[in-house]
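*Asks:* Listed below, chain by chain, are the residues.
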Amino acid sequence: MKPAIDIRNLGKQYELNESAPYVALRDILSQSVKKVFSPAAKKEKFWALRDIDLRIEPGERVGIIGRNGAGKSTLLKIISRITPPTTGEAFIRGRVGSLLEVGTGFHPELTGRENIYLNGSILGLKKAEITRQLDAIIDFSGVEKFIDTPLKHYSSGMQLRLAFSVAAHLEPEILLIDEVLAVGDLEFQKKCLGKMEEVSRKDGRTILFVSHNLDSIRKFCSAALLLDEGKLIANGPTENIIQQYIAGHLTTMALQEWPSGVQAYNRQLLLKKAWLHGNSGVMTDRFDTTESIGVSIQYEVLEEGPVFTHGLNLFNQEQVMIFSSHDVISPLSMKKREKGLYEATAWIPGHLLTEGIYSVDTALFNPNPLDIFIHESDVLRFEIFTDYSKQTARGNYTADIPGIVRPLIRWEAQQTF
Amino acid sequence: MEQPLTHIKPPGRFSTGFREIWQYRELFYFFTWRDIKVKYKQTSLGILWAILQPLGMMLLFTLLFSKTLKFDTSPLPYPVFVLAGLILWNLFQSSVSHAGESMIQHAGIIKKIYFPRLIIPGAAVLVSLFDFLMGFFIFLVFCLVYKQVFHWYTLPFYLSGLLLLLLAAFGTGTFLAALNVKYRDFRYTIPFLLQVLFFSSQVIYPAQGVSQPVLKYVLALNPVNAAIELFRCGLTGQTPDFLLVAAGGTTTVIIFLAGLYFFRKTEAYFADIA
Numbered sequence: 001m002k003p004a005i006d007i008r009n010l011g012k013q014y015e016l017n018e019s020a021p022y023v024a025l026r027d028i029l030s031q032s033v034k035k036v037f038s039p040a041a042k043k044e045k046f047w048a049l050r051d052i053d054l055r056i057e058p059g060e061r062v063g064i065i066g067r068n069g070a071g072k073s074t075l076l077k078i079i080s081r082i083t084p085p086t087t088g089e090a091f092i093r094g095r096v097g098s099l100l101e102v103g104t105g106f107h108p109e110l111t112g113r114e115n116i117y118l119n120g121s122i123l124g125l126k127k128a129e130i131t132r133q134l135d136a137i138i139d140f141s142g143v144e145k146f147i148d149t150p151l152k153h154y155s156s157g158m159q160l161r162l163a164f165s166v167a168a169h170l171e172p173e174i175l176l177i178d179e180v181l182a183v184g185d186l187e188f189q190k191k192c193l194g195k196m197e198e199v200s201r202k203d204g205r206t207i208l209f210v211s212h213n214l215d216s217i218r219k220f221c222s223a224a225l226l227l228d229e230g231k232l233i234a235n236g237p238t239e240n241i242i243q244q245y246i247a248g249h250l251t252t253m254a255l256q257e258w259p260s261g262v263q264a265y266n267r268q269l270l271l272k273k274a275w276l277h278g279n280s281g282v283m284t285d286r287f288d289t290t291e292s293i294g295v296s297i298q299y300e301v302l303e304e305g306p307v308f309t310h311g312l313n314l315f316n317q318e319q320v321m322i323f324s325s326h327d328v329i330s331p332l333s334m335k336k337r338e339k340g341l342y343e344a345t346a347w348i349p350g351h352l353l354t355e356g357i358y359s360v361d362t363a364l365f366n367p368n369p370l371d372i373f374i375h376e377s378d379v380l381r382f383e384i385f386t387d388y389s390k391q392t393a394r395g396n397y398t399a400d401i402p403g404i405v406r407p408l409i410r411w412e413a414q415q416t417f
Numbered sequence: 001m002e003q004p005l006t007h008i009k010p011p012g013r014f015s016t017g018f019r020e021i022w023q024y025r026e027l028f029y030f031f032t033w034r035d036i037k038v039k040y041k042q043t044s045l046g047i048l049w050a051i052l053q054p055l056g057m058m059l060l061f062t063l064l065f066s067k068t069l070k071f072d073t074s075p076l077p078y079p080v081f082v083l084a085g086l087i088l089w090n091l092f093q094s095s096v097s098h099a100g101e102s103m104i105q106h107a108g109i110i111k112k113i114y115f116p117r118l119i120i121p122g123a124a125v126l127v128s129l130f131d132f133l134m135g136f137f138i139f140l141v142f143c144l145v146y147k148q149v150f151h152w153y154t155l156p157f158y159l160s161g162l163l164l165l166l167l168a169a170f171g172t173g174t175f176l177a178a179l180n181v182k183y184r185d186f187r188y189t190i191p192f193l194l195q196v197l198f199f200s201s202q203v204i205y206p207a208q209g210v211s212q213p214v215l216k217y218v219l220a221l222n223p224v225n226a227a228i229e230l231f232r233c234g235l236t237g238q239t240p241d242f243l244l245v246a247a248g249g250t251t252t253v254i255i256f257l258a259g260l261y262f263f264r265k266t267e268a269y270f271a272d273i274a
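Chains A and B, in that order, give the protein sequences.
Using the working numbering, the letters of the first sequence correspond one by one to residues 1 to 417.
Using the working numbering, the letters of the second sequence correspond one by one to residues 1 to 274.
Misleading hints may appear alongside valid ones.
Said to hold, decoys possible - Within a straight-line C-alpha distance of at most 25 Å, the following computed DSS-like cross-link-like pairs (lysine-lysine) qualify:
(1) A:Lys202 / A:Lys126
(2) B:Lys39 / A:Lys152
(3) A:Lys127 / B:Lys37
(4) A:Lys195 / B:Lys112
(5) B:Lys147 / A:Lys231
(6) A:Lys152 / B:Lys37
(7) B:Lys112 / A:Lys45
(8) B:Lys67 / A:Lys126
(9) B:Lys112 / A:Lys152
(10) B:Lys9 / A:Lys191
(11) B:Lys67 / B:Lys182
(12) A:Lys152 / B:Lys41
(13) B:Lys112 / A:Lys127
(14) B:Lys9 / A:Lys45
(15) A:Lys272 / A:Lys336
(16) A:Lys127 / A:Lys145
(17) A:Lys219 / A:Lys145
(18) B:Lys39 / A:Lys127
(19) A:Lys2 / B:Lys111
(20) B:Lys216 / B:Lys70
(21) B:Lys216 / A:Lys145
(22) A:Lys45 / B:Lys147
(23) A:Lys231 / B:Lys41
(24) A:Lys152 / B:Lys70
(25) A:Lys231 / B:Lys111
(26) B:Lys111 / A:Lys126
(27) A:Lys127 / B:Lys41
(28) B:Lys112 / A:Lys126
(29) B:Lys9 / B:Lys265
(30) B:Lys41 / A:Lys145
(31) A:Lys45 / B:Lys265
(32) B:Lys111 / A:Lys127
(33) B:Lys111 / A:Lys45
Derived by calculation from the structure, the hints in this document are not laboratory data.
Being a predicted model, the structure only gives us computed values, none of them experimental.
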């Protein structure tokens, strides 16, 4: 059988404009005047994708993994023909549908039913196909009561359900899902993904799935691609690729040592070392969700006199800042220091973080008035996993739980009569 | 089942892309249908508006000009004369301004999904054509009221005039639409350009009344004038002014091709810059 997607030497180059993505005519006119007097400024270019060679067989479910800006979304955009490649070519066998497009073209003045037709045809369905699926779509959306009411009277949740419902009944041969861009009612979204999965298993549809959530990729995909800085780094069975991703890009780092130290701008401080450890003090970069995480730094005060405190920022693998904390508790906080070697440890409590890879920034600074002596980004990285033998906030639920943090909340309940 | 094969490659040689538009004809229909429906849902007068607007303008111009400036429009009575010009001008003006704005209005869709982009300005022109048909109906009523006679050649004259106007409006509209995506401040010049074009169109005055030689040739370049000329001569039976039709027809073809070419050349990158 011929591959569903056959990509050869594909590349996409973008021009970087200094400010706006589009230009104002006024700038062009003023620039051409300037050009007479000064040599043309070179436009910066960069390759969002480069030298991609790839074959995907019909019925494969392929996850696309990579950091932000690795080219994942650009690849989906080229495959769905939203933007053309700069080099190379691709052959796509079958209709392409995508969850990028949820609710695209909905119009508030039209009724739900009319919007189904409009949205369906934007997504590439023929009128006859929409008519055939109409009952199923309305049924799935759960808004049948209002189906002949203009969309402007719908709640945003209802609009979304209707939109997802059309997308879920798209039944293209090739389905593109960009989790980052699919927003809204998680419960319903899951229902849709479930529906897509069912369809894909039954009819052997090809699926490309972009997600930061390695767990969903593990569950949903048989194979995976690893992109980095626009290049295809690896391609193969999901678990291998995920391992490679974690090993390569999200390498955990339990220890960071600066041989000659990171010096503060005023030369008063020198950051020498940072490391991660558990309660026992043993250095590690893997913690289960219940464990406290110790983040320690060692630094030297080179001159007597600086007043500062310790700080840390924590980011998850989507680069979302989980929290920013500074030391307001330790006796050394905001105290005038003498020369010497110091150590500080921050304890991130257990039962707080969800599974994933986290990255730590450390800082020595004075928050008020703000004076940053040292701020080092991405100094340490660690992985959080679930130990199912322990009591966690998961209970015995093993599937995905949304949310940035997952604290173990104290619940109280009693029968009151 | 044979599955469609799509070949994705960097933008290459120019093609009109009409075959693909044909494949997407249902979407074309839905876009047009949506815009017409929404337009008339949003106004309280609804479809009546498409009739009242040219009617009101005609009354205004008749009151203002037929008595004061005394244009020689014979053998057409002035209301019929001005209405013929007005409905065509309205078609041109509304096509061009809506098509010109259309790509920016649809930026959200363009960034998310592929379809032949020409459908968007194309649908804007078709929506205006729908309004035109309403106005045309009123025009026919006035022809009857003023006892105008229809001839065997009326229909071919009208069809060719309408075709010329649609080609010119589509060409101008697509050109402006593409320009608007690229240069975001260009849109502010459109109302001004249209204003200039209006005064150079023989809507309220007959082009034959202009005797200044340079001005006469400049006016002939305006494609709207050719269409209006064909419309009026379809009723009067006079031979259309050769200069107006030949020069206007030539500019129409040039505008149409240039607009199409420019749009097709830039459309691949709309999603990147919109």
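*Asks:* Now, for every hint given, state plainly whether the structure supports it.
*Replies:* Right, here's what the structure says about each hint:
1. Using a Cα cut-off of 25 Å, the hinted pair Lys202 of chain A and Lys126 of chain A holds, with the two alpha carbons roughly 22 Å apart.
2. Restraint check for Lys39 of chain B and Lys152 of chain A: the C-alpha separation of about 15 Å stays at or below 25 Å, so the hint holds.
3. Restraint check: the Cα-Cα separation between Lys127 of chain A and Lys37 of chain B comes to about 18 Å, which is no more than 25 Å; the hinted pair holds.
4. Between Lys195 of chain A and Lys112 of chain B the CA atoms are separated by roughly 22 Å; this keeps the pair inside 25 Å, and the hint holds.
5. Between the alpha carbons of Lys147 of chain B and Lys231 of chain A the distance comes to roughly 75 Å, so the proposed pair goes past 25 Å and is violated.
6. Distance hint between Lys152 of chain A and Lys37 of chain B is fulfilled; the C-alpha atoms sit about 15 Å from each other, no more than 25 Å.
7. For the hint pairing Lys112 of chain B with Lys45 of chain A, the CA-to-CA distance comes to about 23 Å; that is within 25 Å, so the pair holds.
8. Of the pairs offered as hints, the one joining Lys67 of chain B and Lys126 of chain A is violated, with about 56 Å between alpha carbons and a cut-off of 25 Å exceeded.
9. This hinted pair checks out: Lys112 of chain B and Lys152 of chain A have alpha carbons roughly 22 Å apart, not beyond 25 Å.
10. A distance of roughly 36 Å separates the Cα atoms of Lys9 of chain B and Lys191 of chain A; the hinted pair therefore is violated under the 25 Å criterion.
11. A hinted pair counts as satisfied when its Cα atoms are at most 25 Å apart, and Lys67 of chain B with Lys182 of chain B does not qualify at roughly 47 Å.
12. For the proposed pair Lys152 of chain A and Lys41 of chain B, the alpha carbon gap of about 13 Å is at most 25 Å, so the pair holds.
13. For the given pair, Lys112 of chain B sits about 21 Å from Lys127 of chain A by alpha-carbon distance, which is consistent with the 25 Å threshold.
14. With a C-alpha separation of about 20 Å, the suggested pairing of Lys9 of chain B with Lys45 of chain A holds against the 25 Å cut-off.
15. Among the hinted pairs, Lys272 of chain A with Lys336 of chain A is consistent with the structure: their alpha-carbon atoms are about 20 Å apart, no more than 25 Å.
16. A hinted pair counts as satisfied when its Cα atoms are at most 25 Å apart, and Lys127 of chain A with Lys145 of chain A qualifies at roughly 23 Å.
17. Simply put, Lys219 of chain A and Lys145 of chain A have alpha-carbon atoms about 36 Å apart, too far for the 25 Å limit, and the pair is violated.
18. At roughly 22 Å between alpha-carbon atoms, Lys39 of chain B and Lys127 of chain A fall within 25 Å of each other, so this suggested pair holds.
19. Restraint check for Lys2 of chain A and Lys111 of chain B: not satisfied, since their Cα atoms lie roughly 30 Å apart, outside the 25 Å limit.
20. Annotation: proposed proximity of Lys216 of chain B to Lys70 of chain B holds, straight-line Cα distance about 20 Å (limit 25 Å).
21. Between Lys216 of chain B and Lys145 of chain A the CA atoms are separated by roughly 63 Å; this puts the pair beyond 25 Å, and the hint is violated.
22. Distance check on the hinted pair: Lys45 of chain A and Lys147 of chain B sit about 68 Å apart at the alpha-carbon level, beyond 25 Å; violated.
23. For the suggested pair Lys231 of chain A and Lys41 of chain B, the alpha carbons sit about 50 Å apart, so the restraint of at most 25 Å is broken.
24. Between the alpha carbons of Lys152 of chain A and Lys70 of chain B the distance comes to roughly 51 Å, so the proposed pair goes past 25 Å and is violated.
25. Restraint check for Lys231 of chain A and Lys111 of chain B: the C-alpha separation of about 23 Å stays at or below 25 Å, so the hint holds.
26. Restraint check for Lys111 of chain B and Lys126 of chain A: the C-alpha separation of about 22 Å stays at or below 25 Å, so the hint holds.
27. Restraint check for Lys127 of chain A and Lys41 of chain B: satisfied, since their Cα atoms lie roughly 23 Å apart, inside the 25 Å limit.
28. As the CA atoms of Lys112 of chain B and Lys126 of chain A are separated by approximately 19 Å, the hinted pair is consistent with the 25 Å bound.
29. Note on Lys9 of chain B and Lys265 of chain B: the hinted pairing holds, with a Cα-Cα distance of about 14 Å set against a maximum of 25 Å.
30. Note on Lys41 of chain B and Lys145 of chain A: the hinted pairing holds, with a Cα-Cα distance of about 22 Å set against a maximum of 25 Å.
31. Taken as a hint, the Lys45 of chain A and Lys265 of chain B pair is honoured in the structure, with Cα atoms around 21 Å apart against an allowance of 25 Å.
32. Under the criterion of a C-alpha separation no larger than 25 Å, the hint pairing Lys111 of chain B with Lys127 of chain A is consistent with the structure, at around 23 Å.
33. Using a Cα cut-off of 25 Å, the hinted pair Lys111 of chain B and Lys45 of chain A holds, with the two alpha carbons roughly 21 Å apart.
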